[in-house]
Amino acid sequence: MTDINKVARGYIELWNERTPSRRREMLATHWTSDAKYVDPLMTGDGLDGVDALIAGVQQRFPEFKFKLIGEPNGFGEHVRFSWGLGPDGADSPIKGTDFAELKDGRIRSITGFLDQVPQGA
Numbered sequence: 001m002t003d004i005n006k007v008a009r010g011y012i013e014l015w016n017e018r019t020p021s022r023r024r025e026m027l028a029t030h031w032t033s034d035a036k037y038v039d040p041l042m043t044g045d046g047l048d049g050v051d052a053l054i055a056g057v058q059q060r061f062p063e064f065k066f067k068l069i070g071e072p073n074g075f076g077e078h079v080r081f082s083w084g085l086g087p088d089g090a091d092s093p094i095k096g097t098d099f100a101e102l103k104d105g106r107i108r109s110i111t112g113f114l115d116q117v118p119q120g121a
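FYI, my numbering numbers position 118 of the sequence shown as 118, with every residue one higher than the one before it.
It is worth saying that the hints were derived from the structure and are not from the lab.
Check the hints yourself; a few may be wrong.
[Stated by the list, open to error] Below are the EDC-like pairs computed for lysine to aspartate or glutamate, each with C-alpha atoms no more than 16 Å apart in a straight line: (1) K6 / D115; (2) K67 / D104; (3) K95 / D39; (4) K67 / D48; (5) K65 / D34; (6) K6 / E77; (7) K67 / D34; (8) K36 / D48; (9) K36 / E101; (10) K103 / D39; (11) K103 / D34; (12) K65 / E13; (13) K6 / E101; (14) K67 / D91; (15) K95 / E77; (16) K67 / D98; (17) K103 / E77; (18) K65 / E17; (19) K36 / D51; (20) K6 / E71; (21) K67 / D115; (22) K65 / E25; (23) K95 / D115; (24) K36 / D91; (25) K6 / D104.
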């Protein structure tokens, strides 16, 4: 049985990991090699594509970190969770909800929705 909390926490940790080699290791461990990521602003295919997206977000928002909002939920091979992106100790100006499809407990795809994005972000 999939631990949905572990999946969501691992996902957030991945987006906060600043060391490229460690991030690649996390991707290889917790994502399938054919993984896909899509949201209204960006798309990534495979581990290289997802890694490039994460690096790009980190470069654009160097002082921001991701955090879980609320509790993840899910069933079978599906997990849903909400997140915030912002500076430590403050309300997150950017918020979203992601849906993960798993395969054998590893992330196969993420479909992301942006719930709150300030103009110009």
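Violations among the numbered hints, reported as their numbers in ascending order: Numbers 1, 2, 4, 5, 7, 10, 15, 22 and 24, in rising order.
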